[in-house]
Structure formats: structure tokens, C-alpha cells
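K.L.:
Listed below, chain by chain, are the residues.
Number of protein chains: 2
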Amino acid sequence: MDTEITLEQLNNLIVNRRIKDLREFLETINSADFPYIFDNIDDEKEIMIYRLLTKAKATEVFVELDSDEKEKLINCLTDTEIKNVMNEIYMDDAADLIEEMPSNVVKRILTNTKPADRKIINELLKYPDDTAGTLMTTEFIDLKENMTVSEAFKFIKKKGINKETVYNCYVLTIDRKLLGIVDIKDLLIADREQLVKDIMDTNVIKVCTLEDQEEVTKIFDKYDLIAVPVVDNENRLVGIITIDDVIDVIQEETTEDFEKMVGITSTSDNSYFKTSVFTHAKNRILWLLLLMLSATVTGTIILNFENAIATLPILVSFIPMLMDTGGNSGSQSSTLIIRGLATDELTVKDIFKVMWKELRVSLLVGFILALVNAVRIVIQYQDIQIAILVAMTIICIIVSSKLIGGALPIIAKEMNLDPALMASPIITTIVDVLSVLIFFGLATVILKI
Amino acid sequence: MDTEITLEQLNNLIVNRRIKDLREFLETINSADFPYIFDNIDDEKEIMIYRLLTKAKATEVFVELDSDEKEKLINCLTDTEIKNVMNEIYMDDAADLIEEMPSNVVKRILTNTKPADRKIINELLKYPDDTAGTLMTTEFIDLKENMTVSEAFKFIKKKGINKETVYNCYVLTIDRKLLGIVDIKDLLIADREQLVKDIMDTNVIKVCTLEDQEEVTKIFDKYDLIAVPVVDNENRLVGIITIDDVIDVIQEETTEDFEKMVGITSTSDNSYFKTSVFTHAKNRILWLLLLMLSATVTGTIILNFENAIATLPILVSFIPMLMDTGGNSGSQSSTLIIRGLATDELTVKDIFKVMWKELRVSLLVGFILALVNAVRIVIQYQDIQIAILVAMTIICIIVSSKLIGGALPIIAKEMNLDPALMASPIITTIVDVLSVLIFFGLATVILKI
Numbered sequence: 015m016d017t018e019i020t021l022e023q024l025n026n027l028i029v030n031r032r033i034k035d036l037r038e039f040l041e042t043i044n045s046a047d048f049p050y051i052f053d054n055i056d057d058e059k060e061i062m063i064y065r066l067l068t069k070a071k072a073t074e075v076f077v078e079l080d081s082d083e084k085e086k087l088i089n090c091l092t093d094t095e096i097k098n099v100m101n102e103i104y105m106d107d108a109a110d111l112i113e114e115m116p117s118n119v120v121k122r123i124l125t126n127t128k129p130a131d132r133k134i135i136n137e138l139l140k141y142p143d144d145t146a147g148t149l150m151t152t153e154f155i156d157l158k159e160n161m162t163v164s165e166a167f168k169f170i171k172k173k174g175i176n177k178e179t180v181y182n183c184y185v186l187t188i189d190r191k192l193l194g195i196v197d198i199k200d201l202l203i204a205d206r207e208q209l210v211k212d213i214m215d216t217n218v219i220k221v222c223t224l225e226d227q228e229e230v231t232k233i234f235d236k237y238d239l240i241a242v243p244v245v246d247n248e249n250r251l252v253g254i255i256t257i258d259d260v261i262d263v264i265q266e267e268t269t270e271d272f273e274k275m276v277g278i279t280s281t282s283d284n285s286y287f288k289t290s291v292f293t294h295a296k297n298r299i300l301w302l303l304l305l306m307l308s309a310t311v312t313g314t315i316i317l318n319f320e321n322a323i324a325t326l327p328i329l330v331s332f333i334p335m336l337m338d339t340g341g342n343s344g345s346q347s348s349t350l351i352i353r354g355l356a357t358d359e360l361t362v363k364d365i366f367k368v369m370w371k372e373l374r375v376s377l378l379v380g381f382i383l384a385l386v387n388a389v390r391i392v393i394q395y396q397d398i399q400i401a402i403l404v405a406m407t408i409i410c411i412i413v414s415s416k417l418i419g420g421a422l423p424i425i426a427k428e429m430n431l432d433p434a435l436m437a438s439p440i441i442t443t444i445v446d447v448l449s450v451l452i453f454f455g456l457a458t459v460i461l462k463i
Numbered sequence: 015m016d017t018e019i020t021l022e023q024l025n026n027l028i029v030n031r032r033i034k035d036l037r038e039f040l041e042t043i044n045s046a047d048f049p050y051i052f053d054n055i056d057d058e059k060e061i062m063i064y065r066l067l068t069k070a071k072a073t074e075v076f077v078e079l080d081s082d083e084k085e086k087l088i089n090c091l092t093d094t095e096i097k098n099v100m101n102e103i104y105m106d107d108a109a110d111l112i113e114e115m116p117s118n119v120v121k122r123i124l125t126n127t128k129p130a131d132r133k134i135i136n137e138l139l140k141y142p143d144d145t146a147g148t149l150m151t152t153e154f155i156d157l158k159e160n161m162t163v164s165e166a167f168k169f170i171k172k173k174g175i176n177k178e179t180v181y182n183c184y185v186l187t188i189d190r191k192l193l194g195i196v197d198i199k200d201l202l203i204a205d206r207e208q209l210v211k212d213i214m215d216t217n218v219i220k221v222c223t224l225e226d227q228e229e230v231t232k233i234f235d236k237y238d239l240i241a242v243p244v245v246d247n248e249n250r251l252v253g254i255i256t257i258d259d260v261i262d263v264i265q266e267e268t269t270e271d272f273e274k275m276v277g278i279t280s281t282s283d284n285s286y287f288k289t290s291v292f293t294h295a296k297n298r299i300l301w302l303l304l305l306m307l308s309a310t311v312t313g314t315i316i317l318n319f320e321n322a323i324a325t326l327p328i329l330v331s332f333i334p335m336l337m338d339t340g341g342n343s344g345s346q347s348s349t350l351i352i353r354g355l356a357t358d359e360l361t362v363k364d365i366f367k368v369m370w371k372e373l374r375v376s377l378l379v380g381f382i383l384a385l386v387n388a389v390r391i392v393i394q395y396q397d398i399q400i401a402i403l404v405a406m407t408i409i410c411i412i413v414s415s416k417l418i419g420g421a422l423p424i425i426a427k428e429m430n431l432d433p434a435l436m437a438s439p440i441i442t443t444i445v446d447v448l449s450v451l452i453f454f455g456l457a458t459v460i461l462k463i
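The listed protein sequences derive, respectively, from chains A and B. In terms of my numbering, the numbers along the first sequence are unbroken and rise by one, the last being 463. In terms of my numbering, the numbers along the second sequence are unbroken and rise by one, the last being 463.
If we strip away everything but chain A, and leave its shape as in the complex, we get (with noise of 0.2 Å):
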């Protein structure tokens, strides 16, 4: 690994006192390889290399790591280290910094920084959680309509080198409303001497600043963005958004679809390690709790059929296959139906098309599954009556399992719940009552007892 090679030469920098070379070496690696180099080397060390880093580098860096890196690292820092990362970090990541951070070591922060930028990262701090608000930067570059490329160009070169994004400016009037953008592309091929107003683009798509961060991804996805404008209800521009931010949106988002899939309640972001055993434990235990009472209901049924199971034990050998079947196959469904809304290729008025296409699915996997058992069956135990009731329920479990996989996230979406919640726990569940229900009833009818 390179990052393995890097560490290496560092130590050896470090061992040697070759402080000229290893100030030089250091501008060379990637800020994002910094994690995991602090993570790797003594305490004592890392100061010693943070110390040595650019300013502007330094800060970079310090964005990167995660939050206990941070803590530790201000709480060795000095007054005016402080202040230096304070100038230069973006005020989307100043905003997190605060959030993140434990409320003395907050203080010290904001004693260290501008009050202008103490104001602008309270504004953003306002903003509920999950929205573009909370997503954006306030840095961005702001043209005038009646400016000619080549003042533009002039304008970018003496402000530019400050902003996350350059590749889009914006075009704002006097009081700060969004007239258009301009791609740098069109600057760059533009003749000197035209006006900003004449190449910018007015179709601008833009989110406002309360708008769910999910619906934002999607617009990213679908119009291929690198930024996208953040305005107030009066068309104001407040911020823009960037294409790297999105993408940690996206991660996000999808691991916490993974874990409501799983009955996980995510409490925070936090990494699998990094949260609490009883944390985690916390996270888990309240659908655990549910889906076993829920359960429990299966089994009243079983007893309720206590005399057919007296009577012909086998049938009791079925019943973990019939419930694992169902609860397979409805999570199947349950899951192409979740990911689809997901990704808006499904809506809530495709449900009958949903129902239609998952009845025509599960006739033709609960009729091969039937055969499959009702030839097993026979040739096990030579008993046709067992292998058709085993035959017969399968369908019956199958098509009525795809059908409510299908139909319960559609449902969950209309009612406003998240539909990732309708996954193979609750839907296991579901299933277990009906298979238990359908094979005792069809049992009573075809073997008569």
C-alpha cells in the first residue's frame, strides 16, 4: 500500500531531524491520506508534523479528520493556531466542526473566531437538520450582469482562490437575488470583451435552503451538477452546494436504508466502531423486542392446531420451510419495491402495475417451487396427499408474500413513512401469521382432520 510506503519515509524524516525535506515531503501527500497517517503514528508526532504543515494545507487537513482526530488536535493547538484554521476553513465545515464538537472546546472555537464568520456559521447552525441548508457554503463567487469576461476573469483571480468551487460563478442583482450562472467553460471560450449577462445561463436549476437533502442528491443525479445554488424564499443566493458533499449524502442516506432495513434505528452518523456496545445494543433492541412479540403470535396459531399436529406429526417439519420461503420471497419484492422509490423509478401510483407484474412473478416461482416440493415429498415419504397440501400452500404463501412485499412500501410511501421500514423484518413477520394460517386451513380441508 502507498500510504504504508509514506509512513515509512515520514518516520524516517521525523527520526532524522530532516525537518527542510519532510516539510517539503508533507506538501506532496494528499490531505485525505493524512487520517490515516495520524492514525498510525504516536501523538507526539503528529503535532510535530501538523506543525510543519501550510496554513492553508494544515487546514485541509484538519477538515479531513474525524472528530476525536479534531478534538485532540485543538486541545493541543494554540490560540492562534486555532484562529488560522478559523480563517480558512469553509463555513460549511466550520458549521459541522461546532456541531461535532463538545461544548468547552465549542467555546474556545468561536473565542478564536472573525464575529463576521461567527455570525454566517450560526446562520447555518439555524437550519434543521437533513436540509440544503445544513449542506451548503457560503463561499462562492458572485459576478455582476453588466461585467465583461474580462473583469470577470479579473474579479475570479483576485477573489477565487478563497472559494470551495470555482468552476460555477453566480450572477446576482444588487440586492442579492439569482439572475443566472455561468459555467467557467463559457467564460473560458468567450471573447474578452463580452458582457457576463450575454453568455450567463437563466435557466438555473437551484434548491431552496429547506429542501430535504434526499431531494437534492436527486437533482444532482439527474441534471449531472457539480454545484447547485441554495436560495431563500426571495431568490436570494445564501450558498451552493457541492458535487463531494452530495456524495457523502448519498453514502449516508443508503447505509441508513441498509439499517431500517434491518430494524436498526440509526440514532447518528457514527461509524460502526466508533459507536458504543450499548449504543449499538440500544439501536437494535426495539424492533427486536417488537418482531419477537409479534412472533409470538405464530405460535398461538400453531397451538390453536394442536390436534392436527397430534395427529399427523410431520406437518410440524414444514412449517421452518413454508415461513423462510414467504419470508424470502416477500423481502425480495419488499426490496426491488423500496429501491425503486428510492431512486424514483417507482411512484405511488404504480402500485397496481407493482401488483399486477409481482402476481404474474409469483404465480411462475410458486408454481416451480410446488414441484420442486411436491416431487421431494413424494419421493421421501410417498405420500401424495402431504405433497399436494405442500404443493398448494407454497403458491398460496408465495403469491400473497410478493404481494404484500410489493405493496406495503408502496403503501408505507403514501402514508408518509419511510418505506424502507416495510423490509424483511416486518414483512417475515407478516408472512410467518399467513404461511401458518394457509397450511393449517388448507391442511384441515385436504386431509380432513
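Rather than coming from a laboratory, the hints here were simulated on the basis of the structure. Check each hint, because a few of them may be wrong.
Below are the DSS-like pairs computed for lysine-lysine, each with C-alpha atoms no more than 27 Å apart in a straight line [unchecked claim]:
1. A/K199 to B/K168
2. A/K367 to A/K232
3. A/K232 to B/K84
Derived coverage of chain A by chain B (criterion: at least 3 residues anywhere in the stretch with Cβ under 8 Å from a Cβ of chain B; other residues may be distant) [claimed, not checked]:
4. 159–173
5. 297–303
6. 318–324
7. 331–341
8. 346–353
9. 367–379
Each residue gets a CB set at the ideal place from its N, CA and C atoms; glycine is no exception.
With chain A fixed as given, assemble chain B onto it according to the hints.
P.N.:
For chain B alone, coordinates are given in the frame of chain A:
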């Protein structure tokens, strides 16, 4: 919805034959909105609209359409019109098009493609599926190290308009080896007479043509890139991958993971509705069949305890609850681990850390669930022995299912299998067997039956 209004306006303009206004209006609509418009307008109007677009816009719109629409459109276009598309299209989109179309359409497309482009497309089609080579496009800005910034600007102005991304420029030697990268931002803030070699970054993050696409997405995510250069074995630049294609891959890989985790074999990136009933059934039946047959093992084990059931029929009623709880608790663990492996938070080396964490979490969860159940059983049946039996079984099942759920995905990864396969369906089946073994095993000891 905005697109609804657009659609109405379009229909009005067409009905009133206001061709000039229509043409102007079309240019203001984002290319990404055309698939929706074409889906909701009749074919005749579709062709008319398409023909009113400028060459560049027509190609942009064409690329956005799904393969059925593309095929329909090509069959209506003249050879000249196809030539126009193939002159404007990016090479990665061209290669995708050739892969999607039936052979007669492919032939017609290639006849209308320039020989040089045909050669590039053929090269792109040779890369194995899911590698960087299939994602890249061959259009990029290549600078020479001895150019001045001013010359670079002129070069970009001349060539740049046709390039998919101009935000990064690549500095190449005469034999096309990659020397460095210049971000447009750095060009914009540099002085006109500076040389490209003095502002280029030589610590280039790049990928090889055969790199797996999932690794490519991880590199984008880690380093917050908007494009990555793709080099061959001799470090010659052959193409670039842009962020919009990477987001598509992330979504595609996530869908694949979701599908695998419920035992669906995904054969293509087709959508839910476009996949036929037969293909849906085929994709779902394999795992259902395997799991169904495996589940008969659980049944056979239950039959071996026929005497115990005959003595105490109530035992059977606990089986569904125990099996479900085990399955759910194992799936929770395996899902967290699968996701951790997919996002590189966990590696194979972490297996013992994971086991230790799962052990503690499962003991905590197990004790609480056991207690709740014991209380319930004592209240419901006034039978302390059964309460103890069920409580002890639950603890054992939750501990073992969480350990298995935590370990299997990691073991799969070590064996170069996809960890996503070790999800709910397989875990459930394994835990079922364990659950009845533990339950009846403990029953014979505690109840002495």
C-alpha cells in the same frame, strides 16, 4: 410539477404551429427533462421536437433517453441526422449506445460514424465489464509542460468547447505519458507568463484502465475528485472518468447490493418495470429454491424431537418466535458488517474486533429479550421451567446469530466472495437450524424429556 407545465406549453406551441417560439422554448429546457417529455407526448410530435433542436442539444437529449427510446428515435432519423449525433456524442456514451442497441441498429450507427471514432469506440468496447476502461471517455484537454498560461488559455478556447470536462487539464509528454494535472482554478489565478510545468500538480491521483469500478468510486469519494485520469500500463493517458458517471455507478452498485442481500441474482441494470416477468422470476428463483431446500434440514431436526413435542406440544409454539428473533438479530449484524466492508470502514483484519463487539452487544440484547420473554411466559403459562428454557435459548440464539452474522461477510470477503451474499436469507437459514438444535437440546436437559 414544473415539467407538467412545460409539457402543456409545448403542446400549445405545437398545436398553434408557432415554430419559431417552439424552437426558442426548447433551448431553455434542460436535456435531462426530455425523457419525461418524450414519454408523455405522441411519437409524431416527439420527432418534430427533436428535429427543431440544435445539433449539440439534440445529441445531449439523445444521450439522456433510455435504450428503447433511443432505438425508436434512430429508426426515425435520416443517415445525416445520425451522423450529426455521432459527431457530437462523447465516446463513452457512444460505446454504451453500441452495447445497448440490437445488431441491425448498430450497423447503421457505425456506418454513420467517422472511421477514427469507430476505432476509439471499438477500443472502449474491449475493456472488461465494470472496469475503469468502460467508464472513461477519451475527450480531455491535454497541455504541454512548456506552454505558458496564456498559451494554455488559447489552446483551451480553441479545443475546449467539445470536451466533457475542462475543469482539469492534463499535462502530457510527447509520447502521451501523464506528467501532471492543472486545475482550471490554478490557471485562472496564475500569471499569464507562468509556465504550465510550474503550476501543475505532479502528485496525480490516477487509475489504471483495468481498475474495478467500485474502487474507482471509492477514490472519488476519498479524494473529493470531479474527474480522474485513466492510464494504461505504460502510464499513458487514455481517458478520463467524470463524477457524473461515478454517481451512476454508486447507485448501480448499491442497487446490486440490495438485490444480493435478499437473494436476487441481478443480470443487468434494467429497471423494475422494464425487466420482464420471466426474467424477474429467473432472478429470484435460484436462491428461493436453495434456501427452501436448506430449510428442510430444520424440519428434519424438529422431527427428531417428535417425542418431546408429543409430551409437551406447547414447545412447538415457541419455534417461530425463536427462529425469527435469531434471523433478525443475525441480519442486523451481517448488514452492518456488509455495509462497513462496502464503504471500506472495515477490513478483513478487523474480524476479531468485530467478534468482540458483537459478543458484548449480543449479550446485552440477549439478556433483555430473555427477561421480557421470561416474564411474559410466567404470566401467561405460570411455568417457570419453560420460562427459563426459553430465556436461555434466546440468549444462546442471539449470541450465536450475531457472531455468525458478524463473521460470515468478513469470511466471504477473505475468500473473494461478495460479502453482500452473506445477508438475511443465508443467515436466517443457518440460524434456524441452530435455533431448533439449541432449543430442543436445552429442553432435553432442563425439562428432562
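K.L.:
With reference to the structure, classify each hint as holding or not holding.
P.N.:
Status of the hints after comparison with the structure:
With a C-alpha separation of about 13 Å, the suggested pairing of A/K199 with B/K168 holds against the 27 Å cut-off. About 24 Å separates the Cα atoms of A/K367 and A/K232, which keeps this hinted pair within 27 Å; it holds. For the hint pairing A/K232 with B/K84, the CA-to-CA distance comes to about 23 Å; that is within 27 Å, so the pair holds. A count of 3 residues in the stretch 159–173 of chain A with a Cβ less than 8 Å from any Cβ of chain B is obtained; the coverage claim is therefore met, three being the minimum.
Interface restraint, the stretch 297–303 of chain A with chain B: holds (5 residues with C-beta to C-beta distance below 8 Å; minimum three). For the stretch 318–324 of chain A, the proposed coverage by chain B is satisfied: 3 residues have a C-beta within less than 8 Å of a C-beta in that chain, meeting the threshold of three. A count of 9 residues in the stretch 331–341 of chain A with a Cβ less than 8 Å from any Cβ of chain B is obtained; the coverage claim is therefore met, three being the minimum. For the stretch 346–353 of chain A, the stated coverage by chain B holds: 6 residues have a C-beta nearer than 8 Å to a C-beta of that chain, and at least 3 were required.
Only when three residues or more bring their CB closer than 8 Å to a CB of chain B does the claim for the stretch 367–379 of chain A stand; here the count is 7, and the claim holds.
In summary, this structure violates none of the numbered hints.
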